[in-house]
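Trainee: Here are the chains, one letter per residue:
There are 2 protein chains.
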Amino acid sequence: MVKIIVDAMGGDNAPQAIVEGCINAVEQEKDFNILLVGKESQINKILKDKKYTGTRIKVYNAEEVISNHDEPSKVVKQKKNSSMVVAFNLLKNGYGDLVISCGSTGAILTCSVMILKRLKGINRPALGTLIPTKTGNALLLDSGLNAECKPINYVQFAIMGTYYMRHLLGIKHPKVGLVNIGTEAEKGTETVKEAYELLRESEITFIGNVEGNDVIGGSADIVVCDGFTGNVMLKLLEGTASFFVGELKNIFFKNITTKLSALLVKEGIKSFKAKIDSDSLGGAPVLGIDGLVIKSHGNSNAKTIENVVIKGFNMAKSGFMNDLKKEFEKRRFS
Amino acid sequence: MVKIIVDAMGGDNAPQAIVEGCINAVEQEKDFNILLVGKESQINKILKDKKYTGTRIKVYNAEEVISNHDEPSKVVKQKKNSSMVVAFNLLKNGYGDLVISCGSTGAILTCSVMILKRLKGINRPALGTLIPTKTGNALLLDSGLNAECKPINYVQFAIMGTYYMRHLLGIKHPKVGLVNIGTEAEKGTETVKEAYELLRESEITFIGNVEGNDVIGGSADIVVCDGFTGNVMLKLLEGTASFFVGELKNIFFKNITTKLSALLVKEGIKSFKAKIDSDSLGGAPVLGIDGLVIKSHGNSNAKTIENVVIKGFNMAKSGFMNDLKKEFEKRRFS
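Protein chains in written order, with the numbering used here: chain P, 1 to 334; chain H, 1 to 334.
Just chain P, with the same shape it has in the complex (with noise of 0.2 Å):
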């Protein structure tokens, strides 16, 4: 039995959309049981308004939480009692098999450093999302924990993201791409040049450079950059998918007319942004930890929390995370 630990207080709509989404996880999939940890009165409340009298889901109390405001590297030391470092420490201390939180990115960070420890033989930890494109999806990492790399570090992320999306997906050698501003291998910033020399020589499935069009394209499986770029990356989808869903308001809710089209696309309206929503693909895994941890969108829904709690539970139950410690203790990078 998979026991998933996820941190209720997290988020801009923590705890009320957190429960939510774990009671509908449990009824949607067995095998696996929830602990929610934050303030126990509030989630019970939750629970009990939601009328959820499984044995399922359990609770774990802790009375503070943290918030944008607080310093994360301070997170661990100051407040032991948050419901983020006390769900880090249970799993930690093998009371769970995994971690889901939506709270600050710097914040689980560095519970996932300090409190797990990093992988043997990974020198940065690394956060991987899920990104829509043309052919399904991509795999996006750095997506934002660390802003400056070294081109060892792109090396160590492709074959983090090879393992993920070879167990998560399916995918046996899935083609890794890295981000520059031309094709050709002397492109871009000296770092970009050795890791595109260092990528060459691994034994990943390197396809080269890929731009930013090529990588919507859906020419790789794996697109690899430092964390600045990758964060950009993300959130330009993200702000352009929202930009151009408004636009498709705006035309079809015009008259009455526009308002009858729109009931002739439904099906294919619904799919397209079922394919580009983020709350779908949500939920981005800390690679490089000693431990499973997977970190949701700050604004998070039921929805969001829903699947991502049954990403995390076929996370667990992949082997995963024991194929990625033996592959980096055999290799042991400098």
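Since the hints were made in silico from the structure, they are not lab data. Don't take each hint at face value.
Stated by the list, open to error - List time: in silico EDC-like cross-link candidates among lysine to aspartate or glutamate, alpha-carbon distance up to 20 Å:
id: 1; chain 1: P; residue 1: K134; chain 2: P; residue 2: E267
id: 2; chain 1: P; residue 1: K193; chain 2: H; residue 2: E71
id: 3; chain 1: H; residue 1: K266; chain 2: P; residue 2: D277
id: 4; chain 1: P; residue 1: K273; chain 2: H; residue 2: E247
id: 5; chain 1: H; residue 1: K254; chain 2: P; residue 2: E267
id: 6; chain 1: H; residue 1: K45; chain 2: H; residue 2: E63
id: 7; chain 1: H; residue 1: K150; chain 2: P; residue 2: E148
id: 8; chain 1: P; residue 1: K134; chain 2: H; residue 2: E247
id: 9; chain 1: H; residue 1: K134; chain 2: P; residue 2: D277
id: 10; chain 1: P; residue 1: K270; chain 2: H; residue 2: E247
id: 11; chain 1: P; residue 1: K150; chain 2: H; residue 2: E148
id: 12; chain 1: P; residue 1: K193; chain 2: H; residue 2: E148
id: 13; chain 1: H; residue 1: K259; chain 2: P; residue 2: E40
id: 14; chain 1: H; residue 1: K249; chain 2: P; residue 2: E267
id: 15; chain 1: H; residue 1: K249; chain 2: P; residue 2: D277
id: 16; chain 1: P; residue 1: K249; chain 2: H; residue 2: E267
id: 17; chain 1: P; residue 1: K51; chain 2: P; residue 2: E40
id: 18; chain 1: H; residue 1: K187; chain 2: P; residue 2: E148
id: 19; chain 1: H; residue 1: K175; chain 2: H; residue 2: E148
id: 20; chain 1: H; residue 1: K193; chain 2: P; residue 2: E71
id: 21; chain 1: P; residue 1: K74; chain 2: H; residue 2: E184
id: 22; chain 1: P; residue 1: K117; chain 2: P; residue 2: E327
id: 23; chain 1: H; residue 1: K187; chain 2: P; residue 2: E71
id: 24; chain 1: P; residue 1: K187; chain 2: H; residue 2: D70
id: 25; chain 1: P; residue 1: K150; chain 2: H; residue 2: E190
id: 26; chain 1: H; residue 1: K270; chain 2: P; residue 2: E247
id: 27; chain 1: P; residue 1: K259; chain 2: H; residue 2: E267
id: 28; chain 1: H; residue 1: K273; chain 2: P; residue 2: E247
id: 29; chain 1: P; residue 1: K249; chain 2: H; residue 2: E247
id: 30; chain 1: H; residue 1: K249; chain 2: P; residue 2: E247
id: 31; chain 1: H; residue 1: K134; chain 2: P; residue 2: E238
id: 32; chain 1: P; residue 1: K266; chain 2: H; residue 2: E267
id: 33; chain 1: P; residue 1: K187; chain 2: H; residue 2: E71
id: 34; chain 1: P; residue 1: K74; chain 2: H; residue 2: E186
Owing to the predicted nature of the structure, the values given are computational and were not obtained by experimental measurement.
Given the structure of chain P, go ahead and fit chain H onto it with the hints provided.
Mentor: Coordinates of chain H only, in the frame set by chain P:
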């Protein structure tokens, strides 16, 4: 009378699309002439095919063509008779007011710096590109010339952008945002943090950091970043627009009902496509050099060229170049 020098041989659709675009442009607006530089026989044949008999388009022969395989840094010396090098020399020697080329970005930069020279007081020229936003447009610069930048470059980009938006779009105090991975001042790389401080102290209208979604949200009129980030953003936007438009087509062309739906929202879709169409926004000025240069997209079609010529005409008569020159002579960055 403004005189526009057009490199007729650069880009994927040269010279056909370029000559056609120029013919359409002179039919649309008065007060400028065009000098087409490239293989005379080919250009004349297109002019004849298109039954152009006017006197506003002249041809200047240049037998060589710069391709993407030419080493950009060597074109000025090794391809003296190429359409691009000849066009830049014509501008340098006073035979026109600006140059337009769809050729390789690297070669355009080399010609700009080596033939026209940098403006006094500018360390690095930058490529500015207008991108669509929720509220209109924003100038993204640098969108591809300098993979790595120093903090002072960002300030120069911001000032050049301010003059550009003021003269070309009539925005008196354009808002400048710094691309970053968080809105707080202490976010990002060391370079970006220093750039933040310099921008804050400068006299431009600095609104602070902008994330990818803010850029599309339209919170800034000018978005400054290094050329790596800018180019990745630009290409990502192009890729996303093409992805979304493709998805819309699939939705509407599915069956007879959805095709009917498409008819009902035809006008809305058309104006939406125009909004996000790089053809109509096409044409990025190379800012920071002693001369007006517009780089148009490598895959520019006749419509793009027509728009870019009109844009260049407006730029030439706006007084932008003189004012920018005075500004930087005054301040002299070290």
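Trainee: Is the Cα-Cα distance between P/K273 and H/E247 20 Å or less?
Mentor: This hinted pair holds, its Cα atoms lying about 10 Å apart.
Trainee: For a C-alpha distance cap of 20 Å, please report whether P/K74 and H/E186 respect it.
Mentor: 16 Å, holds
Trainee: Is the Cα-Cα distance between H/K134 and P/D277 20 Å or less?
Mentor: 19 Å, holds
Trainee: Between P/K259 and H/E267, does the CA-CA distance stay at or below 20 Å?
Mentor: Judged against 20 Å, a Cα distance of about 14 Å means the pair holds.
Trainee: Does the structure keep H/K254 and P/E267 at a Cα separation of 20 Å or less?
Mentor: Roughly 11 Å separates the two Cα atoms, so the pair holds.
Trainee: Is the hinted pair P/K266 and H/E267 satisfied, with a Cα-Cα distance of at most 20 Å?
Mentor: 19 Å, holds
Trainee: When you check the alpha-carbon spacing of P/K134 and H/E247, does it fall within 20 Å?
Mentor: Holds, at roughly 9 Å.
Trainee: Does H/K249 pair with P/E267 here, judged by a C-alpha cut-off of 20 Å?
Mentor: OK: H/K249 and P/E267 at ~14 Å, within 20 Å.
Trainee: Between the alpha carbons of P/K249 and H/E247, is the straight-line distance 20 Å or under?
Mentor: 15 Å, holds
Trainee: Hinted pair, alpha-carbon criterion (20 Å max): H/K249, P/D277. Please report holds or violated.
Mentor: Distance ~19 Å between H/K249 and P/D277 Cα, so the pair holds.
Trainee: Under the criterion that the straight-line Cα-Cα distance not exceed 20 Å, is the pair P/K187, H/D70 satisfied?
Mentor: Answer holds: P/K187 to H/D70 is near 14 Å, not above 20 Å.
Trainee: H/K249 and P/E247 were given as a pair; does the straight-line alpha-carbon distance stay at or below 20 Å?
Mentor: Holds, at about 15 Å.
Hint violations for this structure: numbers 3, 13, 19, all remaining hints satisfied.
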